[in-house]
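Protein chains in written order, with this note's numbering: chain R, 11 to 290; chain Y, 9 to 352.
Bear in mind the hints are in silico, worked out from the structure with no lab data behind them.
One or more of the hints may lead you astray.
As the list claims (entries may be wrong) - Partner residues aside, some chain R positions facing chain Y, computed with beta carbon under 10 angstroms:
no.: 1; residue: I125
no.: 2; residue: L128
no.: 3; residue: T146
no.: 4; residue: A147
no.: 5; residue: I223
no.: 6; residue: F231
no.: 7; residue: M247
no.: 8; residue: I268
As the list claims (entries may be wrong) - Pair ranges (Cβ atoms, derived):
no.: 9; chain 1: Y; residue 1: I256; chain 2: R; residue 2: L266; range: 41 to 49 angstroms
no.: 10; chain 1: R; residue 1: G174; chain 2: Y; residue 2: A212; range: 55 to 63 angstroms
no.: 11; chain 1: Y; residue 1: A212; chain 2: R; residue 2: P65; range: 29 to 37 angstroms
C-beta: ideal position from N, C-alpha, C; glycine also.
So the chains spell out like this:
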Amino acid sequence: MSATTSPPRSSSFFRKALRQKRFTFGFSVTVLVVAFAVFAPHLSPYGENETAGPPFAKDGVFGTDYLGQDVLSRLMHGGQSILVISLLATLLGMVVGVLIGVVAAYSGGWWDEVIMRLNDVLLAFPQILLALVVLTALEKPSNLVVIVLVGASHAPRVARVSRGVALGIVSRDFVVAAEALGERRSRVIVAEVLPNMTGPLLAEAGLRLTYSIGLVAALGFLGFATDPGAANWGLMMKENQLALSTQPWGVVAPVLMIAIFTIATNLMADGLAQASQKGD
Amino acid sequence: MTQVATLPDPLEEVAPPRGRSGGAAWGLWLLRRLGLAVFTLWLVSILVFLATAALGDPVRAILGRDYDSNVAKREQLQGLLNSDHSVLWRYFHWLGGLLTGDPGTSLANGQPVWGQVSSNVLNTLALVLLSALVMIPVAFGIAMISSHFRRRRPDTVIQTILLALAGVPEFVTGILLVALFSTSVFHIFPAVTISSATGHPWDAPKGMVLPVATLVVAVSPYVSRIVRATLLEVLDSDYVELARLKGIPEPVVMRKHALLNAIVPGIQVIALQLAWLAGGVVLVETLFSYPGVGFQLVDAVRSHDVPMVQLLSMIIAGVYVVVNLVADLLSILLTPRARTAISS
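With the sequences and hints as input, model every part of the structure.
See the structure below:
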């Protein structure tokens, strides 16, 4: 790429991604699941905490849960919180991680070494462990705490990837040219380096979204849901696990939703990665 | 590895013959790497301590509404946590205890935490090692089949399935396996691990099948994809072409020439996944009530048992650091180029 090449526009990148079968499939299913989570609460036959019959009965499409609430209605209400928390956590993790990674790559030398060493320490923590350790001393997890914890556990992983991508860009001609023109360092990062990282970063964001969904659902499954009464796909598994043999839908329905959702976002992320590797 | 050295490596020829200086370089490298591991663990200890002891008030979290009324209990718990001392003092007190084998007293039952974890550590190690033993041949086998059909239909199908599986959280896979093999469709394996107070889970091997299967399904896709990518790269290389031209049958080329060269990247990925397993078992153990460190950790977090959480998270982070160290060492020992690069 020569010094005069303008950064690739994201619309052309999107069109390139659409040519990937994986991306198209993953993207469509993701959109469907998101639409389900957003619109289903308005269509559900019962309210979120409404009793529909005796506990673990076979009434309705998926039967009832441990409190006698309609599983289908709970399923329709339970997507929103997971979706919003996962999205915000992914966003937070991406912003912080990319910032750390790009600054490390751009500063180079001693700073790079120190930042990445500290990063390695955070990487020694399995993601779920970081959340659990912090939750120990807290009385009750709030939505904000979960978002920050999941985002913070993403940040070091994003930082490593974005540093790798940025390293290939900071030495290119147009960055050197911008520096020679006397641009401020922050402006060089925002205007020259970041726009050229769009493809790989989008792919990373898709991957992080997949893990966010898993982590948020896992916290609910372990019993660390922020609002114990509210419907939540992760929490539903824990609530109804005891009756798995007699009323499997109470568990299997939310499990299938999470499985479909994570498969879709993961395929989407892989499609994005493939598209970004195909070159400009 | 001898069969694959059909073409001499240029690096190997310029490297000096290994003598005393090579040994010294090795020692230096190992020392540096060990120092780095210890340094990492020390930083991890700061992180664990700050997260559990400085971010919130565990005593308030345990007592909840009784915090103001139950003064005796509050003071007893605060005494166990040394709450009247400064954070810095408590950190060094805890670190000292950790290094001398006395990492504190459980807030949940008043017993020293050290004695309560050993059997759980053993159980988790058994689960992880067993899963690795099953996972490695499965992942390599799938990779070999897939790369045999390189970029044709079976390969694409296998890769898409693996990719789809790679994103699914392990407890989701676990629940689906339980529904399939234990409760709803077939009734072959038990859904929970039952172990007596003195026994270990492997006394009832049937109970271990589903936990192990869950971990294998969770880890294999990633390992398999990396090994396949490496295999494809190796299969395109000159020395494999040469072996084919010499008329060596394809299965032998695959086994002796390609597979051996895919092992080193394989080790790195397997190590990463084993280290990941140390955290991944948290969910799987909870799902199956498997008496390991993950199950214990979730239990301790629920009851805000700070000393227990601190010890267990240090153990898990320690496993991660050690596994990475061993993986680095193994892959250097198995790669002639890296071996000579260090000693020269």
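Checked hints:
1. A cut of 10 angstroms between beta carbons decides the hint on I125(R): the least distance to chain Y is about 13 angstroms, and the hint is violated.
2. Against a cut-off of 10 angstroms between C-beta atoms, the interface hint on L128(R) holds, since the closest Cβ of chain Y lies about 7 angstroms away.
3. Interface hint at T146(R): satisfied, since its Cβ lies 5 angstroms from the closest Cβ of chain Y, which is below the 10 angstroms cut-off.
4. Contact between A147(R) and chain Y, as hinted, is supported at the beta carbon level, the nearest pair being about 4 angstroms apart and thus within 10 angstroms.
5. Look at I223(R): its Cβ gets to within about 8 angstroms of chain Y, closer than 10 angstroms, so that hint holds up.
6. Taking 10 angstroms as the C-beta cut-off, the interface hint given for F231(R) holds, the closest approach to chain Y being about 6 angstroms.
7. A hinted interface residue such as M247(R) counts as satisfied when its beta carbon comes closer than 10 angstroms to some beta carbon of chain Y; here the least separation is about 6 angstroms, so the hint holds.
8. Here the hint on I268(R) is kept, as its CB sits about 5 angstroms from the closest CB of chain Y, short of 10 angstroms.
9. Checked against the hint of 41 to 49 angstroms, the pair I256(Y) and L266(R) passes, with Cβ atoms roughly 48 angstroms apart.
10. Between G174(R) and A212(Y) the Cβ separation comes to about 46 angstroms, which falls outside the hinted range of 55 to 63 angstroms.
11. In this structure the supplied range 29 to 37 angstroms holds for A212(Y) paired with P65(R), their Cβ-Cβ distance being about 31 angstroms.
Going down the numbered hints, you'll see the structure goes against 1 and 10, while the others check out.
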